[in-house]
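Number of protein chains: 2
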Amino acid sequence: MSDLALHNYFRSSTSVRVRAALNLKGLRYDYVGISLLAGEQHQAEHLALNPSGAVPTLVTGQGPLSQSLAILEWLDEEHPEPPLLPADAWGRARVRSLAYIGAQDVHPVNNLRVLQHLEAEFGADVFGKAAWFAHWASAGMAALETRLAQEPETGDFCHGDCVGLADLCLYAQVLNNARFGVDMTPYPIIQRIYANCMDIPALERAAPVNQPDAF
Amino acid sequence: MSDLALHNYFRSSTSVRVRAALNLKGLRYDYVGISLLAGEQHQAEHLALNPSGAVPTLVTGQGPLSQSLAILEWLDEEHPEPPLLPADAWGRARVRSLAYIGAQDVHPVNNLRVLQHLEAEFGADVFGKAAWFAHWASAGMAALETRLAQEPETGDFCHGDCVGLADLCLYAQVLNNARFGVDMTPYPIIQRIYANCMDIPALERAAPVNQPDAF
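Respectively, the protein sequence lines represent chains Y and P. With the UniProt record's numbering, letter number 153 in the first sequence gets 153, and the count goes up by one each step, no holes. With the UniProt record's numbering, letter number 22 in the second sequence gets 22, and the count goes up by one each step, no holes.
If you're looking for bench data, these hints aren't it; they were derived computationally from the structure. Mixed in with the good hints, there may be bad ones.
Put simply, identical chains are the same to the list, so a pair is met inside one copy or across any two.
[Claimed, not checked] Listed next, the in silico SDA-like pairs over lysine to any residue satisfying Cα-Cα at most 25 Å (straight line): (1) 129 to 5; (2) 25 to 124; (3) 129 to 117; (4) 129 to 40; (5) 25 to 63; (6) 129 to 183; (7) 25 to 152; (8) 25 to 60; (9) 25 to 182; (10) 129 to 155; (11) 129 to 53.
Next up, chain Y with everything else stripped away, as it sits in the complex (with noise of 0.2 Å):
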């Protein structure tokens, strides 16, 4: 039994976002999958955690924390080594505006339930969902090569020679690009980072294939 209990999905990208930094920290927690194509985010057990119906949901001693990202934020102020931020205003400033790159302007808009709702008013079969999903991370994946490719600050990862935030989100959402086909060949930038990240034990073990609702 661990002070941290994690409510999460295997293939859920925040999920994974997650768990990368529980790893990275050392930080032990209770894996409590919740099927997201069962629908037991909107069960009644959950919805008390978390009234958006939503993964992850952390319940911690103080109460049960939802949003990933405010998560991730928590995460870093309680458990500072290593740092998910650089030391730095502006540092923490670029940090941060690349990783809602993904996490902002690419995710909440390619989610489950977006394609779900899809098919449901629009009648979007499996193509089209792909489709939709491809139009907009590419559009973010683009965004970020480019700011990587310009800035000074880009190393073995996207501030840096450090994993950090941003990693953890372009980890989530390539992942989550590859599921559903998105072609990565022009984005070579994301690709080395992203094969930088593979290599971290702790961001490894956070992939949705080695989780123990994985199917």
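Please arrange chain P on chain Y, whose structure you already have, making use of the hints.
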């Protein structure tokens, strides 16, 4: 001439959040209007500042900074008074979590470019786009209202009796909801906080109708 220039659009709710924060902190800035309807966000001059082709971008002495939430966090670090986040880590986590319901679950899915893409790809007409908007806005408002009702930290604003990050996101979202005719009657706490926001001159001045590019 100010040290800060905000490239933004009067109606953009992410721009509203940032204008409100600049005003609250008493920071002067040059207003640079970028017409999203005219496609000015895709022009080379703008893409050089923000490769995502989005607003807002805050041009600072250290360089351009994009992504509204990254801008808000940076402003709060560089200009701490009045604070947008509480002094305690758990309070900060709660405020970010509340803020992101609107900023991540609702707004990105209802962005102008998403509505335009819905029309282009699936033939959504004005009614289909309004229904799409209301679907996600209502889901987010319901989750936010439930949390504000359940959690004892709620006060005149989302977290106690001082305006902060979550309120700026709430304020911008409710303004946007009004444009699309979202029924707000089920959300009395959100309406009360919105009214309290409107009573703050710094926020009222950030509203779309009060901008130089408003039409």
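Each hint tested on the structure:
{"no.": "1", "hint": "129 to 5", "result": "neither (32 Å within a copy, 38 Å between copies)"}
{"no.": "2", "hint": "25 to 124", "result": "neither (41 Å within a copy, 46 Å between copies)"}
{"no.": "3", "hint": "129 to 117", "result": "both (10 Å within a copy, 13 Å between copies)"}
{"no.": "4", "hint": "129 to 40", "result": "within (23 Å within a copy, 29 Å between copies)"}
{"no.": "5", "hint": "25 to 63", "result": "within (20 Å within a copy, 31 Å between copies)"}
{"no.": "6", "hint": "129 to 183", "result": "within (15 Å within a copy, 29 Å between copies)"}
{"no.": "7", "hint": "25 to 152", "result": "neither (27 Å within a copy, 31 Å between copies)"}
{"no.": "8", "hint": "25 to 60", "result": "within (15 Å within a copy, 33 Å between copies)"}
{"no.": "9", "hint": "25 to 182", "result": "neither (31 Å within a copy, 42 Å between copies)"}
{"no.": "10", "hint": "129 to 155", "result": "neither (34 Å within a copy, 42 Å between copies)"}
{"no.": "11", "hint": "129 to 53", "result": "both (22 Å within a copy, 23 Å between copies)"}
Hint compliance for this structure: hints 1, 2, 7, 9, 10 are not met, and every other hint is.
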